[in-house]
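Trainee: The residues making up each chain are set out below.
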Amino acid sequence: MRIDESSPGLRTIVTPEGVALPFELATLGTRAMAFLVDAAIVYLVVVLIFLALVFGAIGTAGLGGDGFAFVGVGLVGAFLLRTFYWSFFEIRWGGATPGKRLFKVCVISRDGGPVTSEAIFARNLTRELEVFLPLTMLSHPEAAGGGLPPWAAAIAGLWVLGLGLLPFLGRDRLRAGDLLGGTLVVQMPVAVLEPDLAAARAPGRGSAGQAYPFTSAQLDLYGIKELHVLEELLRKNEADRDRRLVAEVAKRIRKKIGWPRTERVDDWRFLNDFYKAQRGRLEGKLLMGKRQEQKRS
Amino acid sequence: MAVVKDSQDRTALKSSQFRRERQGSWHELEHLLAQTKRRGLRSLSPEELARLPMLYHNAISSLSVARAISLDRALEEYLTSLVARAYVVVYACKRRPSEAVVDFFVRSLPRNVRRHWPFVAAAATSLLVGTAAGFVMTRIDPERFYAFVPVEMAAGRDPTATYEQLRASLYGGEHDLGELNAFAAMLFQNNTTVALLSIAVGFAGGLPSLALMFYNGLILGAMLAVFAAHGLGSDFLAWVLPHGVTELGAIVLCGAGGLAFGFATLFPGERTRIRNLSERGRAFGQVALGGVLMLFLSALLEGFFRQLVTSQSTRWLVAATMATLVTAYFCFVGREGGFVGREGRRADR
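Those protein sequence lines, which keep their order, are chains A and B.
Using our numbering, you'd call the opening residue of the first sequence number 114 and step up by one each time.
Using our numbering, you'd call the opening residue of the second sequence number 47 and step up by one each time.
Among the hints, erroneous ones may be present.
To be verified - Listed below are the simulated BS3-like cross-link pairs for lysine-lysine, each with C-alpha atoms no more than 30 Å apart in a straight line:
no.: 1; chain 1: A; residue 1: K364; chain 2: A; residue 2: K338
no.: 2; chain 1: B; residue 1: K60; chain 2: A; residue 2: K369
no.: 3; chain 1: B; residue 1: K60; chain 2: A; residue 2: K349
no.: 4; chain 1: A; residue 1: K408; chain 2: B; residue 2: K60
no.: 5; chain 1: B; residue 1: K60; chain 2: A; residue 2: K364
no.: 6; chain 1: B; residue 1: K83; chain 2: A; residue 2: K217
no.: 7; chain 1: A; residue 1: K217; chain 2: B; residue 2: K140
no.: 8; chain 1: A; residue 1: K338; chain 2: B; residue 2: K60
no.: 9; chain 1: B; residue 1: K60; chain 2: A; residue 2: K403
no.: 10; chain 1: A; residue 1: K338; chain 2: A; residue 2: K368
Just so you know, the hints here were simulated from the structure itself, not pulled from any lab data.
Please model the complete structure; the sequences and the hints are all you need to start from.
Mentor: Written out as structure tokens, the structure is:
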């Protein structure tokens, strides 16, 4: 994960321990895909249960003429399954349903505290309003008006559709359920520990010790920003070296610091040594409370 | 040059040394997190479970040290991600789903309904006033019935219907059961939509929710008036109330949810609107959820009782029992200081 404060998809959460953690918001596309996967699972189960009921009823005594009880049980079952499927997994699987897990997103609390079961119930109940009500309104406009006069039904319909479009409007991509539950859907962070470039015996970086010594005056020229650019260059070219780029950067640094020696230098080795010496120098200053951000001109 | 005197490695940086000393515990945390992700929190042994928060705090302190002394950007990013990943697990909802459901019904739902009693009262009043208005106006001028009740919902039970037709619709014969079922299913669909709608439109200050309550009352009152005109008033009530108690209660709760919603949007107090919504939203979201669940309860009652029970006295008995149960549930279950309340407070911590 790149820490870039200016990125629009990044939100900082302050944990109860007081640590500010950047989280990457899940994109709407990812969330929609996760939703579709979950909805597919739910409807598959609903259809299976429905088929089992139908065949069971035909097999035993027929429907018994009481179609309503049948429809009623079906509706209740579908609703409970819908609402509690999401809630169950978000509680049980640490904020992720199977669909969310597949797309590596999860639910966290916007205020940095623990995710409560109330928040999860609230955000998943609202799904009914945001997804299923607009869908009913689009597919059966006459049924969804709730017996209202047409103009009132039209206003209500527009409003409900607007509710469904809420995630597109806000900066935090919150749907109404997130608003109510105080939650945020974020990308699951991935942590990979890269090797320490300054470790003396790191593999592939030659023997211990430095081949090229630098003076303090030379190391005072660059700041933290340049150090990080150099770090990125070294890490990117670790496996597959871009010789021209490496040579160019090494040449520029030698020019800037006034490298006195004229014999041939191994550019890769030179950059690694310079990085290590530079980091040592800047970290030493950091310990003394001096933070040198930029190079001196 | 800032070189650390170290017996093993004369040129190691302080930050490299720090990393070497601590990375064992980071990897252990990573390992636990990976296991949690694959097989869930409960696959951890008690010792591992106890180590998790410790390792998390350890990683936090490593992060702040790294931010202070290390200029290795990869390390800082790694620790930030590691802490974030651990945070998601450590602060996830740790209750069992079954426990959360029981707690919801035994404590938070009735409590939240009590806490929002002014909204519940307002929604109920609006519904009752609507019913009274619909009843009185239709009694005075039966033609008004058509203005209040949609044709398909009336299903022939309008002011032109005869005593026999109305009676048959209440007590049902063998022949028209299917028709009644279709009507009941439609009514149910209608009520569900009204309930959901009254939550959804609450944003606009809650007024649409109140209007919806009133309008729904009008329909009920107009229907009652048609039956009352033929002296079937109490028969109609006996037909409606067994499931109507829960159904109307459900609509009232949903309306109250919508109203609270609107209230929170209009009067956020000292907080921002979004903040206020997310802090109070969980509570009235639950009131609304209670309404929706009651709706399904009433659907079950409707499906099983109305068709089976045709004696008027039994219908009244069912209605009275339901009313008592619903009232008792929302008034007394999960009270602070009560038996359940005390149990609950312990579970809270």
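Trainee: Does each hint fit the structure? Answer for all of them.
Mentor: Cross-check of the supplied hints:
no.	hint	verdict
1	A:K364 to A:K338	holds, 19 Å
2	B:K60 to A:K369	holds, 27 Å
3	B:K60 to A:K349	holds, 24 Å
4	A:K408 to B:K60	holds, 23 Å
5	B:K60 to A:K364	holds, 29 Å
6	B:K83 to A:K217	holds, 11 Å
7	A:K217 to B:K140	holds, 19 Å
8	A:K338 to B:K60	holds, 20 Å
9	B:K60 to A:K403	holds, 16 Å
10	A:K338 to A:K368	holds, 19 Å
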